[in-house]
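Those protein sequence lines, which keep their order, are chains A and B.
Take 23 as the starting number for the first sequence in the numbering used here and just add one per residue.
Take 23 as the starting number for the second sequence in the numbering used here and just add one per residue.
Treat the hints as calculated values from the structure; they're not laboratory data.
Heads up, a few of these hints could be off.
The list makes no distinction among identical chains, and a pair is therefore deemed to hold if it is satisfied within one copy or across any two copies.
Taking lysine to any residue pairs in the SDA-like style, the calculated list, with each CA pair at most 25 angstroms apart, reads [claimed, not checked]:
(1) Lys104 / Thr335
(2) Lys172 / Gln219
(3) Lys135 / Glu31
(4) Lys104 / Val331
(5) Lys104 / Gly137
(6) Lys135 / Ala30
(7) Lys172 / Ile343
(8) Lys104 / Ile328
(9) Lys104 / Arg79
(10) Lys104 / His330
(11) Lys128 / Lys172
(12) Lys172 / Pro350
(13) Lys172 / Pro231
(14) Lys172 / Thr200
(15) Lys172 / Gly192
2 protein chains.
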Amino acid sequence: MATIKDIAERLGISVSTVSKGLNGASDISESLRQNVLDTAVELGYTTKQMRGGSPRRFCIFVENMEYDTPEQFGYDIILGFKQLAFRENCAVTVIPLTPDFQAAEKYDTYMLKNGYAGAFLLGLALQDPWIAQFNDSTIPAVLFDNYIRKNPAVSYVGTDSFEGIDDAIGHLISLGHTRIGLINGSRNSMISDRRWQAFIDSMTAHGLPFSEDTMPYAYFVPEAAKPHVDKLLSLGMTAILCGNDLIASGVIAECNARGVRIPEDLSVIGFDDIPISAQLTPPLTTIRQDRLELGKCGFYALHSLINHVSISTTLLRPQLIVRGSTGPCRS
Amino acid sequence: MATIKDIAERLGISVSTVSKGLNGASDISESLRQNVLDTAVELGYTTKQMRGGSPRRFCIFVENMEYDTPEQFGYDIILGFKQLAFRENCAVTVIPLTPDFQAAEKYDTYMLKNGYAGAFLLGLALQDPWIAQFNDSTIPAVLFDNYIRKNPAVSYVGTDSFEGIDDAIGHLISLGHTRIGLINGSRNSMISDRRWQAFIDSMTAHGLPFSEDTMPYAYFVPEAAKPHVDKLLSLGMTAILCGNDLIASGVIAECNARGVRIPEDLSVIGFDDIPISAQLTPPLTTIRQDRLELGKCGFYALHSLINHVSISTTLLRPQLIVRGSTGPCRS
Numbered sequence: 023m024a025t026i027k028d029i030a031e032r033l034g035i036s037v038s039t040v041s042k043g044l045n046g047a048s049d050i051s052e053s054l055r056q057n058v059l060d061t062a063v064e065l066g067y068t069t070k071q072m073r074g075g076s077p078r079r080f081c082i083f084v085e086n087m088e089y090d091t092p093e094q095f096g097y098d099i100i101l102g103f104k105q106l107a108f109r110e111n112c113a114v115t116v117i118p119l120t121p122d123f124q125a126a127e128k129y130d131t132y133m134l135k136n137g138y139a140g141a142f143l144l145g146l147a148l149q150d151p152w153i154a155q156f157n158d159s160t161i162p163a164v165l166f167d168n169y170i171r172k173n174p175a176v177s178y179v180g181t182d183s184f185e186g187i188d189d190a191i192g193h194l195i196s197l198g199h200t201r202i203g204l205i206n207g208s209r210n211s212m213i214s215d216r217r218w219q220a221f222i223d224s225m226t227a228h229g230l231p232f233s234e235d236t237m238p239y240a241y242f243v244p245e246a247a248k249p250h251v252d253k254l255l256s257l258g259m260t261a262i263l264c265g266n267d268l269i270a271s272g273v274i275a276e277c278n279a280r281g282v283r284i285p286e287d288l289s290v291i292g293f294d295d296i297p298i299s300a301q302l303t304p305p306l307t308t309i310r311q312d313r314l315e316l317g318k319c320g321f322y323a324l325h326s327l328i329n330h331v332s333i334s335t336t337l338l339r340p341q342l343i344v345r346g347s348t349g350p351c352r353s
Numbered sequence: 023m024a025t026i027k028d029i030a031e032r033l034g035i036s037v038s039t040v041s042k043g044l045n046g047a048s049d050i051s052e053s054l055r056q057n058v059l060d061t062a063v064e065l066g067y068t069t070k071q072m073r074g075g076s077p078r079r080f081c082i083f084v085e086n087m088e089y090d091t092p093e094q095f096g097y098d099i100i101l102g103f104k105q106l107a108f109r110e111n112c113a114v115t116v117i118p119l120t121p122d123f124q125a126a127e128k129y130d131t132y133m134l135k136n137g138y139a140g141a142f143l144l145g146l147a148l149q150d151p152w153i154a155q156f157n158d159s160t161i162p163a164v165l166f167d168n169y170i171r172k173n174p175a176v177s178y179v180g181t182d183s184f185e186g187i188d189d190a191i192g193h194l195i196s197l198g199h200t201r202i203g204l205i206n207g208s209r210n211s212m213i214s215d216r217r218w219q220a221f222i223d224s225m226t227a228h229g230l231p232f233s234e235d236t237m238p239y240a241y242f243v244p245e246a247a248k249p250h251v252d253k254l255l256s257l258g259m260t261a262i263l264c265g266n267d268l269i270a271s272g273v274i275a276e277c278n279a280r281g282v283r284i285p286e287d288l289s290v291i292g293f294d295d296i297p298i299s300a301q302l303t304p305p306l307t308t309i310r311q312d313r314l315e316l317g318k319c320g321f322y323a324l325h326s327l328i329n330h331v332s333i334s335t336t337l338l339r340p341q342l343i344v345r346g347s348t349g350p351c352r353s
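Bound-form chain A, shown alone:
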C-alpha cells in the first residue's frame, strides 16, 4: 500500500506538502492539490478513514433518475441502501450527477478528496465519462444497471431482465398474442441493451416474429412513446412491451387520445411497477422490480467490496404483476 512518502517522492515535493494536499489545507494551490490527489489515486493510497475509520462515509450518485418522492423510481432504491447503511453505522450522502460533473473530476479523485469509502451509482449512461474510468478505478463502486468487466472494485446490481421479459411475453402468449412490439428505453443504456436482447431471445424461443421496426428505442419518459404507437399499430401489433412504466403510461395516454381501447384493441405491459402503475386507467400490467431490496443489495455489494470480497453481479428476480392493461387478443 502506498504511503504519503511515496506520493512525495513521485512528485518531488515534501511530505508535509502532500499532507496538506490530502487534508485540503488552504495554503497550497488548487492545482498542486489536484496533483497530489491524482497521484495518491494512481499509487493506490487510501486515507485512514477509507481503510476502516468509523463511521464510514458512502455516497449515492444519481443521474437520469427522479428520487425525491416515494412515487419516483429512485426513492426506494436510495431508501433501501440507507436503511442497511444505518444499521452498519455508515453515513450516506446523495449527490446529483451530470456528465459535466464527471468530466470535471475523475471518480477516484472525487472520492478520495471527499473521504468517501465507496459509492452506489444510479442511472449512468454508457457514454458517461465515469463509465470508462470504472474499468480501472480503485475506489469501490456499485453500479445499478451497469456492468463493468473484470474490475474487482466494481459491482453490478440489478433485476434479471431476461426472466422479466420472458414472463411478460409468456403472459401475452397465454392471452393469444403473437404480434408483440417493444418500445425500449434509451440507447446508450446497458439495461436497454439487455432488454432488447432479452426480447429477441424470448421471441425467438417462442417462435414469434420480430424486426428492428417492431422494437424501437425511445427514452424513459412518457412523451417518448407517442411517435412509436402509430407505427406499431400500423404494423399490426396487438401488444406492446415497454422499457419502463413511464413509457407504458405514454402508450396508454396516446391510445386513449386516439380511441384505441386497452386492453380490447391493444395490451400494454410496463417495467418497474412504480406506484403510479396501479393508478393508471386501466391499471398497468408490469414487470416488478423490488426497488427497496435493490437498494439493500447495493449496500451489501458495496460493503463486500470494501471488505475485499468482489461480488461481480447481484440479480434480483422480477415479478410479473397482472392488472387490467393486458387482455385476450382480438382474433
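For this one, chain A is given, so just place chain B on it according to the hints.
Quick look at chain B alone, frame taken from chain A:
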C-alpha cells in the same frame, strides 16, 4: 397461507391426525405421515419454526464433492456458510447427497419433515431428481453452480466463469499461445456448460481456432485428464485449460510421465485454486474461486430467500493466479 385445517380437509382426516403427521408422532402409520407431509408441501403449509422460530435450522446438501479437510474443494464453502449462520444464530447440518436419496423423497417433503427452513446445495448434477423439482419447489434453496429459472424460492451462487476463462485465455495470448485446448469437467454439469460456452466466446472474441476435438468433456478428477492429453498434444495444442485443478494435476502428471515439459512444451491452467495447486511441480497457474466467500454469499442468498427477497443470481469475480505452469509459447 395454508393451515392444518386445509390439510385435514383435503385428506378427509382429523386436524389432530394432521398434527401428529407434522410432528412425527409414533401412533400414525408412516404412509399416512408421508401423505400429510406431501399434502402440506402441496398446499404451501409451513411450520412455525420455518416461518421464523429461533434458532432456524438450515442444511447443506453435498454431492459429487469432497469437503472433509481444508485441502478439499467443499471445505471452505461450508465453513463460510457456517460462519455467517453462526452470527445469525442458525443451526446448520451437513448432509451427504446421492441420486438415490433424492429419488426416495421429494426435496420439499424432506425439508418440511425435518424442520429445515432452507438448504444450500453443492455439487448437484443436471440430471439429479431434485434439480427438476426446483422448478416449482417452495422451500428456499440456494444452489452452488446450478441456475433454476423463475422460481423465486431458488437462488444461484457461483463464480463468473466468463470472466475467469477470458482472463486465462488473455494470459496465454500474452505469452504467445494461439493453439489452446480445454479439458472440461463432466457433462450434465451446468458449470461445465458455462465454461464450455465461455471458452467458445473468448476464443471467438480473440479470433483463435477451436473445435469439438480441442475442447473435450472429461470429469472433475485427475484420472479423467489422461486420455485427452495425447490427443490435444497431437492436435498441436501448446496450452491446455482445465475444468478444475484436479484435472490440471492429472494433465501435469501425465506430461511428467511422458517427458512433456511444463511450461516449456505445454502451458497448463486450472480452475479453483485449491490448496494443492501451489504445491504441484510446477506450481499451477489457475483461476481462483474464493470458496469461503462463496459460502458466505450462499448464506446471504438463503437468508434473503427466507425473508422473501428473491436473489436470482450472485456471482463472485474470479482471480487469475499466475504460477509456474504457464510460460512463453515455444515458437
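Tested hints:
no., hint, in the structure
1, Lys104 / Thr335, "both (20 angstroms within a copy, 23 angstroms between copies)"
2, Lys172 / Gln219, "both (22 angstroms within a copy, 18 angstroms between copies)"
3, Lys135 / Glu31, "within (20 angstroms within a copy, 67 angstroms between copies)"
4, Lys104 / Val331, "both (21 angstroms within a copy, 17 angstroms between copies)"
5, Lys104 / Gly137, "within (18 angstroms within a copy, 34 angstroms between copies)"
6, Lys135 / Ala30, "within (17 angstroms within a copy, 66 angstroms between copies)"
7, Lys172 / Ile343, "between (35 angstroms within a copy, 14 angstroms between copies)"
8, Lys104 / Ile328, "both (16 angstroms within a copy, 22 angstroms between copies)"
9, Lys104 / Arg79, "within (11 angstroms within a copy, 30 angstroms between copies)"
10, Lys104 / His330, "both (21 angstroms within a copy, 20 angstroms between copies)"
11, Lys128 / Lys172, "within (20 angstroms within a copy, 39 angstroms between copies)"
12, Lys172 / Pro350, "between (45 angstroms within a copy, 24 angstroms between copies)"
13, Lys172 / Pro231, "between (36 angstroms within a copy, 24 angstroms between copies)"
14, Lys172 / Thr200, "between (39 angstroms within a copy, 22 angstroms between copies)"
15, Lys172 / Gly192, "between (34 angstroms within a copy, 12 angstroms between copies)"
Taken one by one, the earlier hints all hold for this structure without exception.
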